[in-house]
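Quick note, the sequences are listed as chains H and E, same order.
Per the UniProt record's numbering, the very first residue in the first sequence carries number 1; after that it's consecutive.
Per the UniProt record's numbering, the very first residue in the second sequence carries number 1; after that it's consecutive.
Treat the hints as calculated values from the structure; they're not laboratory data.
Do not rely on the hints blindly, as some may be mistaken.
Note that identical chains are pooled: a pair holds if it fits in a single copy or bridges any two copies.
To be verified - SDA-like mimics (lysine to any residue), calculated; alpha carbons at most 20 Å apart, straight line:
1) Lys769 <-> Thr227
2) Lys588 <-> Gly398
3) Lys588 <-> Arg477
4) Lys588 <-> Pro518
5) Lys588 <-> Gly775
6) Lys588 <-> Ala403
7) Lys769 <-> Ser270
8) Lys199 <-> Arg258
9) Lys588 <-> Tyr75
Since the model is a prediction, treat every value here as computed from it, not as a measurement.
There are 2 protein chains.
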Amino acid sequence: MIGHPDFVTEPWCLRETGLDLGLLAQTESLFALSNGNIGWRGNLDEGEPHGLPGSYLNGVFELRTLPYAEAGYGYPESGQIVLNVTNGKPIRLLVDDEPFDVRYGELRAHERCLDFRSGVLTRRVDWVSPAGRAVRVTSTRLVSFVQRSIAAICYEVQALDDPVRIVVQSEIIANEQLPTPSGDPRAGAALETALVQEKNASHGARAGLVHSTRGSALTVAAVMDHTVDGPDGTRVEAESFPDLGRTTVVATLEPGQRLRLVKTVAYGWSGSRSVPAVWDQADAALAGAMETGWEGLCAEQRAYLDDFWARADVELDGDTSIQQAVRFALFQVLQAGARAEGRAIPAKGLTGPGYGGHTFWDAETFVLPVLTYTAPDAAAQALRWRHSTLPMAIGRAGQLGLAGAAFPWRTIHGEECSSYWPAGTAAFHINADIAAAVVRHVRATGDMAFEQGIGLELLVHTARLWRSLGHHDGQGRFRIDGVTGPDEYSAVADNNVYTNLMAQQNLEAAADAAARHPGRAGELGVDAEEMAAWRDAAAGMFIPYDEALGVHPQSEGYTGHQVWDFAATTAGQYPLLLHFPYFDLYRKQVIKQADLVLAMQLRPDAFTREQKARNFDYYEALTVRDSSLSACVQAVIAVEVGQLELAEDYLAETALMDLDDLEHNTADGLHVASLAGVWTALVAGYGGMRDSGVTLCFAPRLPPGLSRLAFGLLMAGRTLRVEITHTAATYTLGDGQPLQLLHHGQPVTVTAEGPLTCPIPDPPPTGPKPTQPAGRAPTPHRRSGT
Amino acid sequence: MIGHPDFVTEPWCLRETGLDLGLLAQTESLFALSNGNIGWRGNLDEGEPHGLPGSYLNGVFELRTLPYAEAGYGYPESGQIVLNVTNGKPIRLLVDDEPFDVRYGELRAHERCLDFRSGVLTRRVDWVSPAGRAVRVTSTRLVSFVQRSIAAICYEVQALDDPVRIVVQSEIIANEQLPTPSGDPRAGAALETALVQEKNASHGARAGLVHSTRGSALTVAAVMDHTVDGPDGTRVEAESFPDLGRTTVVATLEPGQRLRLVKTVAYGWSGSRSVPAVWDQADAALAGAMETGWEGLCAEQRAYLDDFWARADVELDGDTSIQQAVRFALFQVLQAGARAEGRAIPAKGLTGPGYGGHTFWDAETFVLPVLTYTAPDAAAQALRWRHSTLPMAIGRAGQLGLAGAAFPWRTIHGEECSSYWPAGTAAFHINADIAAAVVRHVRATGDMAFEQGIGLELLVHTARLWRSLGHHDGQGRFRIDGVTGPDEYSAVADNNVYTNLMAQQNLEAAADAAARHPGRAGELGVDAEEMAAWRDAAAGMFIPYDEALGVHPQSEGYTGHQVWDFAATTAGQYPLLLHFPYFDLYRKQVIKQADLVLAMQLRPDAFTREQKARNFDYYEALTVRDSSLSACVQAVIAVEVGQLELAEDYLAETALMDLDDLEHNTADGLHVASLAGVWTALVAGYGGMRDSGVTLCFAPRLPPGLSRLAFGLLMAGRTLRVEITHTAATYTLGDGQPLQLLHHGQPVTVTAEGPLTCPIPDPPPTGPKPTQPAGRAPTPHRRSGT
């Protein structure tokens, strides 16, 4: 969409200067507001037209029976699906006799702007009704980072040329009618009227609704209150019905005169508390927010974001669209995780119903690295949520005949919701991904209490899983057979290199952490024998290598498979999964998303420089990027192997994944992991940051067109700012103890006493530019000037 | 059940001398009558009590939507499921005021007997009503092999001690209420009221019903007529209702007096003809059968079976229970296939709703070999049915991106009905199994017209499939990756040895047949280049071999997998598929059913004698026989490698699979392929018959306890009788041209001039007895005396 003429490239906001109704659903996702607890899609205030109405509360879901034409042992029986909860956004407007609707009358101006620093979505509309009455409507919407149960809208109507009688109806609506879902399996299934009315009430300018869910037995309350500032004679009245709360404001405006309405909405929900308790919980949150007031909420929001940007901002000189995109991405990643607190971070955040509202491995692998270095409390909360689901994961492992914990491939609440086991249950790497997120978080924060209280238990149970999932063969190699790696165009293979390397790290990390916390480890039943068994398995881990080709096979035997007939595949047949059977995709060399290449990013120590270059070249020719989780990883490794031009293209693809709807499903919500990948492509790509070893490493290198890249990290509470030019990198430590780093492989020490500048060495010799499958090369990026 | 005291071991019938209500469902399967077109389960005449009422017409099915929680390209959308059609069996009896019901009153005697020579099921009951009235009820039931639309019952009631007033209600019933199905995935799903009433009528002693099906749009007619022979004053009256036709006979019997009722039922069905046309079709069949009369139907039945047994009987001296079992098996295999004519042979025949009434690969691999040598017209008809489904198979291959034809893993009508692709679509070996059945049939019958008209086209389209499914790797090996072999505890593996060997044979056979019929081959688009491509692929076929272990892996890499922990698996955890996830079964060395061992039976030329012995030993230790398709194959190879004691145990397991309900699902219908396996275990086992080469081979060898085995085959219309003792085999050719054979590897020629007796050489040295997984050795067989 930002390729669309209505979109303006600005460094600190996403601004749309017109309204293309064909892009409504996509822009609703882009303009979504969330704090990780509440999510409001960027639906127009007046509710219609809409692409897809959406209001979400993290953790509020309904159950659905998973059907199987042929049953099998261990198949999950019940799925979870995110619910569209009570919609607190609608503010309808009647201008004289005409409802304000952008499809009628004359739309003289329409602008929306999502501001990354103030954290609000503003909208300004000049509209002339079919009867000729001109009004200006301005709304400012926020979902508070500080008060996590609160969203608010400041809504203003101004008469422009003539006096107008206006009626404003501010509503909360339950059980909205939703559009019929598409047949795309990646879209979430819609649920029919899902909310059961429990209570409704109104008083003064307030109204509220309480509903419950049938299968998941959750209670959800939404209450709203208003402050109204209008001309004399303005009347305010609230009423409620089973699925509707409505506050009606009636006023007559002279030309130039305004009516201003601040709508404050509070949500509360619970799986255990009573209807009155949940109602009270929402009412209490509302009371607090009303006390804060609109200006107070805005000030809090700004302060919260100022703090975030001070440590986390990424500056990029030489490419304004990527500059905008990385800030948009960071803002959205923050929105997804900031206040999730005890809940998962879904693949689409709270911006849409895609993937059923489920969280996957990409939360830990793509999103948490960003949060760990920029908002570590949010990362810790996400891992605490995983920890809270340990009993379910232990139960699932037991059901599968395994030791330790088997975390779900997809879930909202913690139970496995994947009905297709070759790409669900078999994708055990999620357990190592969680372990890696724990290890990274502990290294980055130095939070030993977290490690002892949360991390160790996660590491121990995942290590136990691996020990029971693999086995030693006759040659003493530790094999992990019949599992599925990240690439979803392969499944159920032996010794997936990514999985085995991540499992190896998991096993070693568990042994190391248990040694650091012997008391707690003992309570978990870990003894020296078990630790030795973990280390033995890690030491013997089988990493297949194809000597003839000089590359690592994605999994054992992979390189012997037939290469997909890319020449015979038309552009319209992508994504392949919608046009070819899994059986055919799985048995051939064709890659949906980085798998072996991701292993090279996350386990750089396991590959020589030459292997990295050869592997990258080999897998580039097979990778079609039908997943949003690929380009960012390819960007990172492209930089490492010296393919800077290609890296720029992959960075741009990552950066524009949602902003230009490259996967054609941004309408269902943003790809939060891919957004996180924008940061990673810059920081791990051009910055060359690697954090899987004991020492944090950087190997900065900029492509010709960029003149400067700067980014900030939190390391053990200290801010590290890295500024990169073509000739040097400057490391600045905010405060605290000196920090050991590797700069292009050389140990350096940064102290709080002053910046450390290191020269950037000449690039090593680089091979020819790798080729991609026919028609699947990334679009060459055209940099937009500074 | 024949281990049950109610069952008597007799050479030519299955006789039950009591009635155990707990075994009703199983005995309904054992006593089922069928001609391959109509199937009637052995339900009691009076309808209740029952285990599972069942009346089937081959090809009459209903559609059901196959649900997927996560959709995928190429998944079949619609399944087919066998329907319980209009039940023509019920004859209810009222004795004075009491309905005849074996659960009430006194059951003085109850005997049922299925006679393999006369082809009728007789029943004789002496019953005293709760009010003290004694009657003898005798019924004789047949489903005619000669008149394929006809079934009939001769029903007699005799008053024993006192005069009784009796009312006989002979019925045809549609939409019977069926018991709720079990959760066992192998059982078929039940359909609710599936038949839509189209017409009903009655006249004289006749009544008929026509119904249609909703989704599959079939029309089914069932009509009945009666001849009644009773004392003066016997009244007969027929009436009809939407789901019921009823003929009521009222009579008063003096002690010793009898009422005899012959019920003749005709079925007709069509997917294209009108209701009146289908009604007339059934009425016409009924008229023909009424003309033949009961004695005529019985005489035809006997003559048909006399002819069959004259060529096909297997005689076994030294084991009466196996003697009975092999005749039961041959009778049931004949029942399944005799008059299927243009329809499939389902896995359960027409004896029950198990597996949804679907046919699978075992029709061609297990059942057709028996029919080809004993009832070749039935085998030809089954292959004609496959041929009639070619357009669907070609369409399916196209949908999957493959050339040629991809026959369905499971179907009734021809469309793929498997919803679980790793054990459905991926099991491409069914195509080679069909090709092998074609090759066998042509070799055994010498029917070149069949080869040119039907066989060649099947061979060409299956060869094209293999050529497009496999590929040559860099070493020139032809690989077939990512497919599933016969063993259902493995899936989606590379270079399954069974599959590759069968595909190799398929490719060669297609090229050979095309060379024999160049004109027809040309019409099918086959040219010299394509034939060369098939031969090249066959010549380069990759057959993996584990040099270190000296065995063939079931598929590439298989022997590196972890061996299943048999020691930790309890008896109650079998069958494993009901207690462990597929993911775990697939990734470990544990075998449900013969796979590599079956390859050694069907492609004996591909293994040395030493390899066969080592492979058998290796796979014995891994095979749990959770499938009914395993023991017979293990018996065959056990004989070949000299393990005669083990072979006897496997033969007995095969022979008793249904007779003793070893798989606990005989209630859903008989395992027709396993029944065919009884013949195969004897003929290919002790007889050592192999037929995959140009010359038919025998290598007879009897275990110590048997003194004689004799069996008959049809070869190109000539009867070959083989009689085996411990010292010699005698080959007798009925008539026609001399026949070349191999006897224990030596070429011999049998002529019609007289028997040829060949000595049996001393057995080669035999290794130690192989071991099976803990608790999974076959039950040692205790021979029952001659």
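Now the hints, each set against the structure:
1. Lys769 <-> Thr227: Cα proximity of Lys769 and Thr227: none, with 61 Å in one copy and 90 Å across.
2. Lys588 <-> Gly398: Result: close only across copies, 17 Å inter versus 33 Å intra.
3. Lys588 <-> Arg477: Classified as between: cross-chain Cα gap 16 Å, same-chain 26 Å, threshold 20 Å.
4. Lys588 <-> Pro518: So Lys588 and Pro518 fail the 20 Å test inside a copy (47 Å) and across (35 Å) alike.
5. Lys588 <-> Gly775: Intra 18 Å, inter 40 Å, cutoff 20 Å: intra-copy only.
6. Lys588 <-> Ala403: Classified as between: cross-chain Cα gap 16 Å, same-chain 33 Å, threshold 20 Å.
7. Lys769 <-> Ser270: This pair counts as neither: shortest intra-copy Cα distance 55 Å, inter-copy 65 Å.
8. Lys199 <-> Arg258: Answer is neither; intra-copy 34 Å and inter-copy 76 Å both fail.
9. Lys588 <-> Tyr75: between (27 Å within a copy, 19 Å between copies)
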